[in-house]
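Here is what each chain is made of, one letter per residue.
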Amino acid sequence: MIRTEGLTKRYGALTAVDAVSFTVKPGEVLGFLGPNGAGKTTTMRMLAGFVNPSSGQASICGHDVDADSLAARACLGYLPEGAPAYGEMTVGEFLAFVADLRRLRGAARARIEAVIERLQLQGVLGQTIETLSKGFRRRVGLAQAIMHDPPVLILDEPTDGLDPNQKHEVRSLINELAGDKTVIISTHILEEVDAVCTRAIIIARGRIVADDTPQGLAARAASGRLDDVFRTITA
Amino acid sequence: MRNIGIIMRRELASYFATPLAYIFLLIFLVLVNLFTFYLGEFFERGQADLNPFFSYHPWLFLFLIPAVSMRLWADERRSGSIELLMTLPVTLWQAVLGKFLAAWAFTTLALVLTFPIWISVNYLGSPDNGAILAAYVGSMLLAAGFLSIGSLASALTRNPVVAFIVGIAACFVFLVAGFPLVLDAFRGWAPQPVVDAVASLGFLTHYEAISKGVIDIRDLIYFVLLTTWFLMATAVVLDVRKSE
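Line by line, the protein sequences give chains A and B. Following the numbering used here, the numbering of the first sequence begins with 68 at its first residue and continues without gaps. Following the numbering used here, the numbering of the second sequence begins with 885 at its first residue and continues without gaps.
Everything labelled a hint here was simulated from the structure, so no lab data went into it. Backbone N, C-alpha and C define an ideal beta-carbon position, used for all residues, glycine too. Check the hints yourself; a few may be wrong.
Among chain B residues calculated to face chain A with C-beta under 8 Å, some are [claimed, not checked]:
1. N887
2. I890
3. S965
4. E967
5. L968
6. T971
7. A1074
8. P1075
9. R1125
10. K1126
11. S1127
Pairwise CB distance ranges, derived in the manner of DEER restraints [stated by the list, open to error]:
12. I907/B with Q187/A: 32 to 42 Å
13. F999/B with M68/A: 54 to 64 Å
14. N103/A with N1043/B: 48 to 58 Å
15. Y906/B with E197/A: 18 to 28 Å
16. V1045/B with T82/A: 48 to 58 Å
Please put together the full structure from these sequences, using the hints given.
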């Protein structure tokens, strides 16, 4: 469960995110759409506790991201934009580091093996992250986000820089994972919304300009195409 | 507590992931021996103590310690990994302390590797080993003070080179604060208590007593407070600027 209430971030005179309120329930996969600079990443960073909101509230699984930050982060799996990691570490070391900080042991620790297999990382476990291709790096980022089986997943552009096969792989992974989880993904690729999302929010200039099912959104354009809706309401 | 250890281990390993750590250790050991035996006239003095060794530590640390601390936070910001670290279930304090302790452990290793000098002096005469141990503790405290300043410098920028230069400048100010050069600038106009306060902020005032083997509780408190203060400043700066 993710809930935001009047979430706002101002940088000086610029309002990057302007009073955004929404609730995402378990089982929902919310697609976060919008032009570059619309405030998608800032909103996700506030949910993950990386950016402090200027005003308003947000909670993850009922834990306020500001007042009860550690509890909120513990139930969250987060893939930051660009999937940053420690380049000098090997994939295996890096995943072990995150697992240590997340206190995964026993059966939970064994889950990592399944995650590694699911993301096909077995072949690069001993390789340092800086030597990996963009696609592998993104998958390492996904692995650290899902390894603790979090009830809430926030993925900032999970398929950016992947080839079509890898995109398809990641989408089916998200579909598989979704189940009773609460998921937010941001993307520029509108077909992705159709493929994985049960609901879409379009954000422009820091405000929510549409909040609907993908089908409902598409129906707003005479052509029935999501691109046309996107262009009309964010222009 | 566990998280501090996990972060410290990762950071320490990252020092040795590049040749930088070995180059640093090599340069430190070469310079420290050069200073001790040539400038410090270790043999010519004919005394069984390590004063010429320890008296050059502040000046060596001035340039070498900011090199150890420059990457601590600047690299995290540059690569974006700070976003990952700060969204894992760890507190800012655990991260600041874990990284600082890793840097401190690394400099302690550098100090430990100077042991041949200690063996030499024990072979040549019978020095006061208690005083030598105290002086090593003093050097570790001095390193901690420099590292905490360097940690703040590293948190202020995403460029390690800038962090290095700012670190040297800030450490230099604290190093020479007790010198007439600085105090004379204050004596003309400031009341005596202010001059005394500035003098007591200087590293050398506190380091010199310890390096001669005299551990005064006030000098210990000075280094602990100074280090704590700069680490707190690091945390405050990171909290405000981590996402910029």
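Each hint, compared with the structure:
Because the smallest distance between the Cβ of N887/B and any Cβ of chain A comes to about 6 Å, under 8 Å, the interface hint for this residue holds. A hinted interface residue such as I890/B counts as satisfied when its beta carbon comes closer than 8 Å to some beta carbon of chain A; here the least separation is about 5 Å, so the hint holds. Taking 8 Å as the C-beta contact cut-off toward chain A, the hint placing S965/B at the interface holds, the least distance being around 5 Å. A least Cβ separation of about 4 Å between E967/B and chain A falls short of the 8 Å threshold, and the interface hint therefore holds.
At its closest, the beta carbon of L968/B sits 5 Å from a beta carbon of chain A; the interface hint therefore holds under the 8 Å criterion. A cut of 8 Å between beta carbons decides the hint on T971/B: the least distance to chain A is about 4 Å, and the hint holds. Annotation: interface hint on A1074/B violated; nearest CB of chain A at approximately 37 Å, more than 8 Å. The restraint placing P1075/B at the interface with chain A is violated, with a minimum CB-CB distance near 41 Å, outside the 8 Å limit.
The beta carbon of R1125/B is not positioned within 8 Å of any beta carbon in chain A (closest approach about 11 Å), and the interface hint is therefore violated. Because the closest C-beta pair between K1126/B and chain A is about 7 Å apart, less than 8 Å, the hint holds. Proximity of S1127/B to chain A holds as hinted, the smallest CB-CB distance being about 5 Å (cut-off 8 Å). As the Cβ distance of I907/B to Q187/A is approximately 37 Å, the hint placing it in 32 to 42 Å holds.
At roughly 58 Å, the beta carbons of F999/B and M68/A sit within the given window of 54 to 64 Å. The given range of 48 to 58 Å is broken by N103/A and N1043/B, whose C-beta atoms sit roughly 25 Å from each other. Between Y906/B and E197/A the Cβ separation comes to about 19 Å, which falls inside the hinted range of 18 to 28 Å. Look at V1045/B against T82/A: about 35 Å separates their beta carbons, and that is not inside 48 to 58 Å.
In the structure shown, a violation is registered for the earlier hints numbered 7, 8, 9, 14 and 16, in ascending order.
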